[in-house]
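Q: The primary structure of each chain is shown beneath.
Protein chains: 2
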Amino acid sequence: MTVSDLGEHALLARLLARLPRPGAHILVGPGDDAAVIEPGRRTRLVVTTDALVEHVHFSRAWCSPADIGHKALAVNLSDLAAMGAVPRWALVSLALPPDLDVDAAEALMSGLAEHARSHGVSVAGGNLTRSPQGLVVDITAGGEVSPRKWLLRSGGRPGDDLWVSGTLGGARAGLEMFESGRNPDGDAGSEACGLRHRRPAPRVRLGIALARAGAARAAMDLSDGLADAVRQLATASGCGARVNADSVPVEPGARAWWTSTGRESVLEAIRGGEDYELLFAVPPRWSGRLRHVRQQVAEPDLTRIGVLTRPRDLVLTRKGRDEAWPSGFEHFRAGDARD
Amino acid sequence: MTVSDLGEHALLARLLARLPRPGAHILVGPGDDAAVIEPGRRTRLVVTTDALVEHVHFSRAWCSPADIGHKALAVNLSDLAAMGAVPRWALVSLALPPDLDVDAAEALMSGLAEHARSHGVSVAGGNLTRSPQGLVVDITAGGEVSPRKWLLRSGGRPGDDLWVSGTLGGARAGLEMFESGRNPDGDAGSEACGLRHRRPAPRVRLGIALARAGAARAAMDLSDGLADAVRQLATASGCGARVNADSVPVEPGARAWWTSTGRESVLEAIRGGEDYELLFAVPPRWSGRLRHVRQQVAEPDLTRIGVLTRPRDLVLTRKGRDEAWPSGFEHFRAGDARD
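Line by line, the protein sequences are chains H and D. Just so we're aligned: the first sequence equals residues 1 to 339 in my numbering. Just so we're aligned: the second sequence equals residues 1 to 339 in my numbering.
Some clues are possibly wrong.
[Unchecked claim] With a cut-off of at most 20 Å between alpha-carbon atoms, the simulated EDC-like pairs for lysine to aspartate or glutamate come out as follows:
1. D:319 with D:264
2. H:319 with H:264
3. H:149 with D:54
4. D:149 with H:38
The hints are simulated quantities; they were obtained by calculation from the structure and are not laboratory data.
Can you build the whole structure from these sequences, using the hints too?
A: What follows is the structure in structure tokens.
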């Protein structure tokens, strides 16, 4: 049965049934003209919005409906994490093609609900409409941060070390495997890459810990790759940057994939895209605070990859030599900019 | 020049330049991973999201880009008004076809910005992406309301009078005129209908005044027409309703349009759709509070159209006789349900 056969009211009821009961801070949840939310005491509101558009950000050929629901929320939680905010609620706006199976719509909502539950996020409301062509999942996520504790891109200063979380390149390699017709579920390394593309894990606990400990002077997430993120953070901070390519942590399955196709894996990983790891700037004398964060948040690993510099140019060093700065990854998101 | 020719970063800069400077409560505005907002003291957060999808909710054949920007914000402010909330900020998510003219994108943002300014709303952030086909404007609006002062659909009780603001049917008649190829700008009455479709005026001041004065026990907006709204408010309140069709205020140009095409104008106006007026329930003994609201908010007129009843059926009386309840208007929004 398609969503068009079922009709709007019955579909809405089925989708709402997939959601966990909203938290006590949701004073009015789905079903009225708007949601009403009890803010935390003495907190500031942090809000972000990000959309996944079919044929632009995902293909249903290799992303299941549950993957799409998961990822649509994850990319928003990643933005909140990059601000150091505790995620609290989301509004889910769905534009569905009329011929979409009801089962697929329900599975999408289940994938989203499961991810929301795992981060203590309540779906407070949303909107449901027809899309003439292609599925659009547009989410707004809201969170909270203590006064003056939020992390900006612009806070970095010359001499701050640049750190990244986790490993890079996996999501992009996974997408390339899908696009090339190779099923990345064949071996563990490739499967990890496929998962990085389909089910990104936003670094929510890390972002919160960095902000609470005052351990980072600037931060942003790697939605458009490390090369793009370093450029943006350095520019916003009025700095340049020097990054040591040899220290960049490349996802093992991505390294194997790019090596097998004759490409420089570290450069591909730096161009990256959709890793949803965090890049952050830490003055060397704050190392005690960063150690505290690492004790609290064991996963993922954190790696020092470079430093912010007074000269405003961007320099990549590799095997002891300076190289041109790699361009950011815009292949599958031309025309896509996000706040 | 198209948005695709210009590229994402340059387009974003041009669109942001159209926005008024954010208010002082926007601690971090567009340009970082998320926005940070200072909540009002002792207020509750009210949030809603609503999307306009090309070929579903509007046609560029008769809606200018500025109309689309205006309306996309207006339908969200209407939802906040229906909760009695003071609108404060919006996040604007745009999915743009690659062949859209940059001028059109800028005009859309200007129309939105002008409407935002007129209601003291700051655009705190957003998202920009490609749309393979058709323009999508998805907005999340946030506002504030005092504790326990918000207006729900479910607060009505048997014996409460039902009131509507303004006149009904104009937006639907205007859309019909456009669809039939008639230019509604030919005479004043028709022009008013065209404007109701293209540039709805959300009843922000009325909603706030009703909530502050404690003058309404339940409220919602008429996005899907009066017939649908009465059904929803009565059902949510566990009541039925009796509406006197002869007292329903029909937009004069709509009355003329439907009369000229041989239809019962009051029934068409009750089915309506997109009027964005408010329906609200007031116990007769609260008439003093309602008078106070009318002194504060002179426009639009308020009209008593019926009453909530203990029996749960919906009854329309017309010329002294009971009639079947008219079906809601879903012609151009099949598959569209909104919270």
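Q: Taking each numbered hint in turn, which are not upheld by the structure, reported in ascending numerical order?
A: Number 3 - this is the single hint that the structure violates.
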